[in-house]
Amino acid sequence: MTASVITTSVSKQYGGVAAVKDVSFELNAGETIALVGHNGAGKTTLIKLMLGLIRPTSGSVTMLGGDPARGDFHVRQSVGYLPESVSFHMALTGRETLAFYARLKRVEFSNAELLFKRVGLAAEAVDRPVRTYSKGMRQRLGLAQALLGTPRVLLLDEPTSGLDPALRHNFYDLISELRADGATVLLSSHALTELENRADRVIIIDRGVKIADGTLDELRHIASLPTRVIIRLSDMEASPRWSGEWCRQSGGAWEVSVDAADKIDLLKKMTSEPSLLESLTLAEPTLDELYAHFLGRQAAQ
Amino acid sequence: MNNILTVARKEIQEGRRNRWVLATTLLLAGLALTLTFLGSAPTGNVGVNQLDVVIVSLSSLAIFLLPLIALLLSHDAIVGESERGTLILLLSYPVGRSEIVIGKFLGHLSILAFSTLIGFGAAAVALVASGTVISPASWRAFATMLGASILLGAVFLSIGYLISTLVRERSTAGGVAVGIWLFFVLIYDMALLGGLVAAQGRSVPSLLLDGLLLANPTDAYRLLNLGSGAASTLSGMGGVTAGSSLSAPILTVALLLWAIVPLGIANIVFARREA
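For the record, the sequence lines run as chains A and B.
Mapping of the first sequence onto the UniProt record's numbering: position 295 corresponds to residue 295, and the numbering continues sequentially without gaps.
Mapping of the second sequence onto the UniProt record's numbering: position 139 corresponds to residue 139, and the numbering continues sequentially without gaps.
To be clear, the hints were calculated from the coordinates, so they are not data collected in a lab.
Idealized CB from N, CA, C, for every residue including glycine.
Worth double-checking, as some hints may not be accurate.
[What the hints assert, rightly or not] Quick list of simulated restraints, FRET-style, between CB atoms:
#1 A/Asp67 / B/Leu27: 47 to 55 Å
#2 B/Leu26 / A/Gly30: 20 to 28 Å
#3 B/Arg19 / A/His190: 37 to 45 Å
#4 A/Asp67 / B/Gly195: 51 to 59 Å
#5 B/Glu83 / A/Asn28: 50 to 58 Å
#6 A/Asn39 / B/Thr172: 47 to 55 Å
Start from the sequences, fold in the hints, and give me the full structure.
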């Protein structure tokens with residue numbers, strides 16, 4: 001895999017305060033990466049560093065083979081960016097806005113209708129001033145400009161905030177398409193659950209420091225958080241006979257937490273007596289739980 | 001170059017949509033027409049060329065109004081975009097920072113030039129339409145006045161851009177802009193006048209006076225328009241120019257420098273600023 005973005009021990013200080021400390025990672029072509037962290041953890045600073053809008057205090061950033069702060073035309077042209085809570089010039093219409101950005105990127109504007117359709121901006125809204133747009137519509141226009149000229153790297157800061165569930169779904173479909181075309185997509189988000197099956201990799205940032213980096217499975221393995229097993233017995237009065245600390249849930253279900261190592265064993269035992277079970281659900285640790293785990297570990301250090 | 005035009009074009013588009021263009025044009029035209037017809041009342045139709053009277057009254061109007069309009073347009077140009085959040089997206093595009101500054105400046109200058117030409121031009125058109133005969137010399141003076149007015153606008157746009165790149169908040173930019181306007185348009189001349197009165201008729205070294213007049217773009221503008229020709233007699237500025245060696249080319253160069261230097265500094269400041 002070829003790396004589109006490389007940061008090497010990058011640090012950024014504002015005044016005396018370090019916003020980003022010694023962060024290194026590589027983002028590859030065809031990869032979707034979730035950048036996760038609290039507000040003020042340094043996600044936006046990292047994205048600005050990758051865009052070359054600010055220069056690192058130490059370390060280096062390489063974007064598509066060049067220094068992004070130099071502002072090379074072909075580099076900037078191949079990068080799509082959606083700022084957090086994007087805003088536009090209120091007086092212009094959506095179409096005029098997109099035309100302006102297309103001209104700056106030297107992109108043919110003929111496929112505007114397609115782009116508006118892709119991001120779900122209604123045709124009647126396109127020729128209205130941005131002033132009249134709802135937050136969700138502005139976000140869609142923001143996505144449209146980020147997608148101009150089929151970028152090779154997309155940096156999306158909180159892309160799904162303000163989008164309703166249907167549009168979120170639509171949005172992630174778009175991301176999948178881009179990934180299939182070999183684009184690098186970096187999403188920063190709070191909404192961890194919706195990133196669950198979308199991101200190939202998760203980078204967790206806390207107070208400017210990278211505290212975890214890996215696929216969800218890798219992170220689960222490192223964190224070795226227990227899996228939750230939830231069952232419903234055929235006999236409502238009985239309690240589970242298998243070892244473990246079963247707790248009764250409301251509604252009559254039973255739940256137990258098992259370590260990854262014991263999980264298979266327990267499942268084997270349970271499924272050997274299928275008549276006792278009415279239903280069986282496995283819940284792997286969610287990204288939320290992983291995130292909390294890594295943050296807790298960081299705080300303990 | 002392409003980017004500069006793209007940015008300028010967007011600025012004009014926005015100005016039209018915001019009614020900035022319409023409002024300033026109507027304001028200037030309205031005042032110019034009022035001055036033209038009120039101004040001709042005391043002089044009547046005898047003796048002086050009417051267009052020269054218009055030049056005198058329009059220049060006096062322009063000295064107050066154009067700097068104000070220019071600062072209103074420009075003080076917000078960079079800091080406003082930064083505060084509204086549109087700047088960060090723009091900077092991520094393949095467009096240089098100086099292209100943004102110069103493009104926006106040219107856009108604003110076009111708006112101002114358009115309003116001035118149409119607004120002040122309306123006064124001349126009205127005179128011609130009312131059957132006044134205007135001499136070629138007066139036409140030349142009028143054209144000079146239009147050019148100088150646009151240049152004066154450019155000066156204060158440029159100063160506004162410098163303010164806009166230096167400060168961190170829009171409200172600060174607005175306050176500084178008002179302060180600059182008051183200083184150049186009112187306080188400076190009052191102080192200068194006070195100084196001359198305090199000198200009690202002792203002759204002020206002409207080099208010092210020249211320097212003081214060039215140090216304020218509105219004074220340079222005033223001298224350029226009212227210092228020569230029929231207008232100088234009408235406005236009483238002839239007395240000032242008689243003791244000064246400032247010719248029209250020197251004044252024009254001074255105004256050009258006033259338009260270029262603050263914008264140049266704004267460019268340097270903006271290039272170093274972190275988004």
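Status of the hints after comparison with the structure:
Restraint check, aspartate 67 of chain A to leucine 27 of chain B: a C-beta distance of roughly 48 Å satisfies the suggested window 47 to 55 Å. The supplied range of 20 to 28 Å is broken by leucine 26 of chain B and glycine 30 of chain A, whose beta-carbon atoms lie about 57 Å from each other. Separation of arginine 19 of chain B from histidine 190 of chain A is about 40 Å and conforms to the stated range, judged on CB atoms against 37 to 45 Å. The given range of 51 to 59 Å is respected by aspartate 67 of chain A and glycine 195 of chain B, whose C-beta atoms sit roughly 54 Å from each other.
As the Cβ distance of glutamate 83 of chain B to asparagine 28 of chain A is approximately 36 Å, the hint placing it in 50 to 58 Å is violated. At about 27 Å, the CB distance of asparagine 39 of chain A to threonine 172 of chain B disagrees with the hint of 47 to 55 Å.
Comparing the model with each numbered hint stated earlier shows that hints 2, 5, 6 do not hold.
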